[in-house]
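Student: Spelled out, the chains give:
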Amino acid sequence: MTEDRPLIYKYLRHDKKFPHVWCPGCGIGITLGGLIRAIDRIGYTKDEIVMISGIGCSGRLPVYVDFNTLHTTHGRALTFATGVKLANPELKVIVIMGDGDATAIGGNHFIHAARRNVDLTAIILNNNIYGMTGGQYSPTTPYGQRSTTAVYGSVERPFDISQLAVVAGAVFVARGTVYHARQLDQLIEKALLKKGFSVVEIISQCHTHFGRLNKLGNHIEMMKWQRDNAVPVEKARKMTPEEMEGKFEIGILVDREGPIYQEEYAKIRQKAKETLSLQAETKEEKEESERREASDRH
Amino acid sequence: MMKKPNLKARLLQGNEACAEGALAAGCRFFAGYPITPASEIAEHLSFRLPQLDGTFIQMEDEIASIGAVIGASLAGAKSMTATSGPGFSLMQENLGFACMAEVPCVVVDVMRGGPSTGLPTNPSQGDVMQARWGTHGDHPIIALCPSSVLECFQLTVRAFNYSEKYRTPVILLMDEVVAHMRENVILPDPAAVEIIERVQPSVPQEWYLPYEDTSFGVPPMGIFGRGYRYHVTGLTHDIRGFPTLRQDEIEPFLSRLFRKISAHFDDIQLAENYATEDADLVIVAYGSVARAAHRAMMEARARGIKVGLLKLITLWPFGRRFVEPLARAGKVLLVPEMNMGQISREVKRVNPGISSVITLNKIDGTLITPQEILEKIYQGKEKI
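For the record, the sequence lines run as chains A and B. Using numbering that gives the first Met the number 0, the letters of the first sequence correspond one by one to residues 0 to 297. Using numbering that gives the first Met the number 0, the letters of the second sequence correspond one by one to residues 0 to 383.
Careful: at least some of the hints might be erroneous.
To give a feel for the contact side, a few chain B residues facing chain A, derived at Cβ under 8 Å [to be verified]:
1) Asp52
2) Ala67
3) Ala76
4) Phe223
5) His230
6) Val231
7) Thr232
8) Phe257
9) Ile353
These are computed hints drawn from the structure, not numbers from a lab. All C-beta atoms, glycine included, are put in the ideal place defined by N, C-alpha and C.
Required output: the full structure, derived from the provided sequences and hints.
Tutor: Here it is as structure tokens:
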């Protein structure tokens, strides 16, 4: 994709000291590329985009791009995003999180953001591990897999991030992989255009920790695993649970309508103003009758 | 004919006055989570904010509340949250974020008995040190403490003004008594309330350095969506807002954070002196205790004991310049407070052996009465 070079250069911060912090072969670069292509196709201005992240490898993404960028505390990106969006609904708010960020420390915020349906887009990079802190197990580390804090294998059942978003009420949920890069930026584009809380879960690789600890090979081999185990949603519907064992769906899982918070709150403001004018009227009437009474007495 | 503002006296609760003060200061965003004894602030604002095109939102917890408040402030809205001890504990990490990223916001902590769930409906002043050092790392902070319903209004306005002027979170430390007490108050005409707005950049966008030092110590603040695109982070950052590990960038940045407050103590530190000139003993008090102290002072004077009162309004940064002269003048200092001695420790710190400091600490979930203070005054008389 040679045409991407000038495109990404258009959005990179030239005053930021490079190189970036990510390991060679990390999927975050592909995600950033997809994000930039989607943003560019839609034609958002740099000023109207607010890119917000939490803590972790994914948390470092916004620093390199020329938008309004906000690198928050661990797990809390969605709460900051809620404030930004409600204070200025004209802004396009994109939240970048990792699996630990979004579903462990930020799990409560994630389900409530989905339930509340503020117009935000959440991009979640799922690499099944805490990369930045050195490879500890996360809520998406598969059962039995190893990490630096699960040296004998994890005994916890993992979350399915997309399904979590679906049941929590997100109006748009899609899953992609960094191997399927062309599909990825289309999914992100659709999520960005969707009104309401949209989620894109991106299956990525951490060959530095997850791959090394579980002997899954380098980043290329891990991306081949993505290629071999990703099943398009349409095809997956025709498959039995046994056939889907160890595989995962990619594509749009949910695209539905729901009341959007800002639109609902606009109605509340209208109601509140009606009570205000009602109060003013009754007050004036009261003052008027008091004046009359007073003049009657004279 | 111009409509006259309604300056009639109203029977208001401290929490309601705080909410009205926020609105008068220009607050248009509130995010909070229910907690006794602060819930009335949220309830009142949920009713009032939408009338003024503002936004009220009840978040999933206090961590989310302060997160939303910081986000809204970055997007240009004056923002506030209100809570009590347990919620204030949850807010500490993001409070540090607001200090670090220099985001103006107001956090109200209505102090109830602690630790832990403690005494949800009883008064306390146990969060004074938490307001100072609750979030990790060295940081400056401003904390104000009202002692009447009218002061709840006035100090909430001031809290917003300081937060905008110095780009810092400001904590309003109310105690449960002040929050739930009802008093007849005449709120000032909204048009007559002094309101300070954050300074925004005016340089061409490509010249904007979001964390550059200025003669005042506070850099102009870009608002998201208004053309000044920059990076906001809780990581220690350089003048462009980008994370840094360079010693020659870390030290100047953190020093400026402290300097922007310490260079303006005259503006930030507030206190009131009552009859301290001729006093042999001065009560140093704050919050609702200052009112009991005032009564005790009057009673003592009626009995011929020369007692004065220093009412601290700004608790942090601690008003050394008010306390030290009293100690140097050899006046006995009596510090009554509803905790184990969080401010008396500060008083002792600025009084290195010059005068004697007597403490009166109450942690049983009830008010300190004038009688109790009076008894201490009699004990202190021997030291005069």
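Student: Hint by hint, say whether it matches the structure.
Tutor: To see whether the hints hold, each was checked on the structure:
no., hint, result
1, Asp52, "holds (6 Å)"
2, Ala67, "holds (4 Å)"
3, Ala76, "holds (4 Å)"
4, Phe223, "holds (4 Å)"
5, His230, "holds (5 Å)"
6, Val231, "holds (5 Å)"
7, Thr232, "holds (4 Å)"
8, Phe257, "violated (22 Å)"
9, Ile353, "violated (43 Å)"
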